[in-house]
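Model the placement of chain B on the given structure of chain A, informed by the hints.
First to last, the sequence lines map onto chains A and B. Using the numbering used here, you'd call the opening residue of the first sequence number 4 and step up by one each time. Using the numbering used here, you'd call the opening residue of the second sequence number 4 and step up by one each time.
FYI, nobody ran anything at the bench for these hints, they're computed from the structure. Wrong hints could be hidden among the right ones.
A pair counts as met if it fits within one copy or between any two copies, since identical chains are not told apart.
Unchecked claim - In silico DSS-like cross-links for lysine-lysine, where the CA-CA straight-line distance does not exceed 27 Å:
hint, residue 1, residue 2
1, Lys331, Lys249
2, Lys30, Lys331
3, Lys439, Lys334
4, Lys30, Lys249
Number of protein chains: 2
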Amino acid sequence: MYITQSLRRAVQMGAERIATRCGSRVKTWGEFEQRVASFAGALQSLSVQSDDRVAILALNSDRYLETYFAIPWTDAVVVPINVRLAPPEIIYTLNDSGTKVLIIDDAFAAMLPAFEGQLDTVEHIIFAGDHEAPAGTLNYELLIEEADPIEDEGRGGQEIAGLFYTGGTTGRSKGVMLSHNNIISNAANVVASMGYTDSTSYLHAAPMFHLADGASTFAVTIVGGTHCFIPKFTPTDFLTSVSNFKVTHGLLVPTMINMLINEPTLSDYDLSSLSRLLYGASPMPEAVLLQAMKTFPNCRFLQGYGMTETSPLITFLSDEYHVTTGDKTGKLASAGRAGITVEVMIADENDNEVPRHTVGEVLTRGPHVMLGYWKMPELSETTLRRGWMHTGDMAYMDDEGFIYIVDRNKDMIISGGENVYSTEVETALYAHPAVKECAVIGIPHEQWGEQVHAVVVLQADQKTSEGDLISHCKSLIAGYKCPRSISFREEPLPLSGAGKILKTELRKPFWKDKNKQVS
Amino acid sequence: MYITQSLRRAVQMGAERIATRCGSRVKTWGEFEQRVASFAGALQSLSVQSDDRVAILALNSDRYLETYFAIPWTDAVVVPINVRLAPPEIIYTLNDSGTKVLIIDDAFAAMLPAFEGQLDTVEHIIFAGDHEAPAGTLNYELLIEEADPIEDEGRGGQEIAGLFYTGGTTGRSKGVMLSHNNIISNAANVVASMGYTDSTSYLHAAPMFHLADGASTFAVTIVGGTHCFIPKFTPTDFLTSVSNFKVTHGLLVPTMINMLINEPTLSDYDLSSLSRLLYGASPMPEAVLLQAMKTFPNCRFLQGYGMTETSPLITFLSDEYHVTTGDKTGKLASAGRAGITVEVMIADENDNEVPRHTVGEVLTRGPHVMLGYWKMPELSETTLRRGWMHTGDMAYMDDEGFIYIVDRNKDMIISGGENVYSTEVETALYAHPAVKECAVIGIPHEQWGEQVHAVVVLQADQKTSEGDLISHCKSLIAGYKCPRSISFREEPLPLSGAGKILKTELRKPFWKDKNKQVS
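Isolated chain A (complex conformation) (with noise of 0.2 Å):
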């Protein structure tokens, strides 16, 4: 299997049917076809070859989908960067995945400076924003039109098509090695599940870094539906396109819906054409999901559950199941159950199948799971072990093969749709003089689901201030990733008998009267 197959697929099924609507510029999958073969041709004249990697850092647009269909036509391996990411984070990746061609758009070319120097194997930058190309760039339009289009390489199978990175519970992010087979087979499976057709039209309107949206990209294209685009998500943003692109699905996180259903304007828009919204990436409040439902009448809601390294989706909560009334009830708080071609199983720490009704972790195996880590053998070998995927994810499966996430035990937190790995944040704040002992932890957020915290201790001779330690954090990591609130103790955090710190303790206080279960 391989991804330009279903590109190509979309064009047999007519040239002349609509490929993508992009704010006002709308390209047919002929004219789609022949500027991923021409691009293709513009990166093979840059002399990108087999296994090079091409890496894009924009935001959401056509020209972005072209890239991940032109990269693989050129043989080469997209990486698609974190928008949110601060730019010493973004060198990191683009050094640590060897990228030779950058493509960035006007979002980002204001970071250029910061990258001046700093790149060690980058050979070109491409800018394939709207304005004029910043100076030492290439000119990603100008570059289709002089280019000669060539055939597709055929890249395909068990060969690397592109290298996802996910954060790091060593602080070091991850390049997650995802295949084509893993790709396609992830699209076979959510087509079975979301219903695309020839007359679907979804909108990208999560970033199309993220394998959320991800699930999609390949899935919607091999069935000859419609891409549309928002650059980044707002209420507003994508309340207009569904009315204007007749959107008919999308993926949203559960923040996302969160702020949909309390947008004001809401009864301003034509939203009929709208017929499935999948959700995932993190945990749904159900209180939230229900007054979606209730907002969103004519649409149905699906779950998708999953990770970069399952490319994604590992179990569906399919729609029959998103009800208050009949014998399909009571599934609302699962995430579904396994994809057609997926195995999931509830293991104890020895990979046996625990019984029906109790935690273990999450494992799975099948042609959605990843190759390995980029460069890391001895964690992909760990992680991969007799042959399954072990999640970190603990969770327990009821009788009829729906699975009930209860916590996440890499010990990351999910907030506003976007993995925060608490290592990674704790190394930050330890890097701060005052700083004696800190450890960070997810707490509930009505907006996010979940909001970064710390717990710190300070050295006993120093002072600081919560406001100080939020921006010293801001200096090292990316927004997002940073402290909301900090709380300081004078006594040393709990420890395990092995020397853990016991995150268990820490967050029960703020998650006492929430039903959330803590591992």
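Coordinates of chain B only, in the frame set by chain A:
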């Protein structure tokens, strides 16, 4: 991907849910899995080892389905035998495949004496019928009762799942090697196209050895649906089972649909549960299809086109195109569009794509394409040359990616240098109200090489003449394509085990003394 994953997924979705309904026998998915694990254990105790072949020669039943899972479970290869073969052909298949264990049922017990001393590699014969096990055979139920269930051996991926023998044009039948990836990628495409869910009840009415029915065997399992069985197709058995088992889905070959719409007792049955019928395996005359759509107004029809070598499905004509009004009309003569992960190209003899609306050979590639032919490396290499499966079928593609099969390449008549595609002639004949069944073949002609000849079975209450029918054809298609001669027969046309009209049989008397190869 592996076959037993589909079974485990079904069990995970509810061990108490109904897996099989066969006559008065009902088994849950939990029981089914237990029986599979036990029969796998029994096979192991009969020293079936990795890669050994286990053949099944039986009519449809729940036990047949069990063997489809137990054989991979014990790391062996399944060899489903065509139930219509004569004993010498069966012996050839068993010897060619090197089968170690043969499973038979009541319908084939009478053949055992003919096998005596003829089977080179078979060590055990297991009797999976309802009567007493014949002398020299092992009792299937007793084996399950006495065996220790074993753990799944985990066979999967590119390993051979089965040898599916298909009629050879050279008179020698070929064992098509299909991998687990082949079969499960087909299943994922079928789920997406057929809309199978956990509330599907599928009736195995076409023979289970053949992949037309087999296309749904793993697809229905993977969604946790229910399998229903009739030993073999008869119109009244089919109708009774649909009514009794509340069947929702089925696969029928065109000749079966033709028999159903001509069944006088049809209106006696409650067919309200039937929501979708897939048809395929041979060309569907449009007149028959239109009549079927009238006869089953609440049932949606889908067409599948493919072959054993492609696991089997290449294209689907979805239900929304089975209409006679609206903007989706005009596709009924088409075999549909490529399956989700399937690539199709219409090509000239150098494998270059031909323009749309131009006839060429159907080539296909993707995860559904066979590993090759068993012990026929040269033929495998030729058939799979340049990365494409060469189907031998001739078709053209329209602007929307729908393909129209004009000929199964060994079924073309060359008359006076003109290619006559028999399907087209048969479609014209079926449009005549007096025609119940027909087959068009080439017979020897001194001047033209071949002459177009039709064999026709008339409706019981209708009369017509050779001259009338030829005139009728001339009103619809070019003169050179029309039959020059017609023979009428009383008895139904001869059918293969898969329900295809056996043109070989019809041709034989005409070509007796000629050296033309017959397919």
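Evaluated hints:
{"no.": "1", "hint": "Lys331 / Lys249", "result": "between (30 Å within a copy, 21 Å between copies)"}
{"no.": "2", "hint": "Lys30 / Lys331", "result": "between (42 Å within a copy, 23 Å between copies)"}
{"no.": "3", "hint": "Lys439 / Lys334", "result": "within (23 Å within a copy, 52 Å between copies)"}
{"no.": "4", "hint": "Lys30 / Lys249", "result": "within (16 Å within a copy, 47 Å between copies)"}
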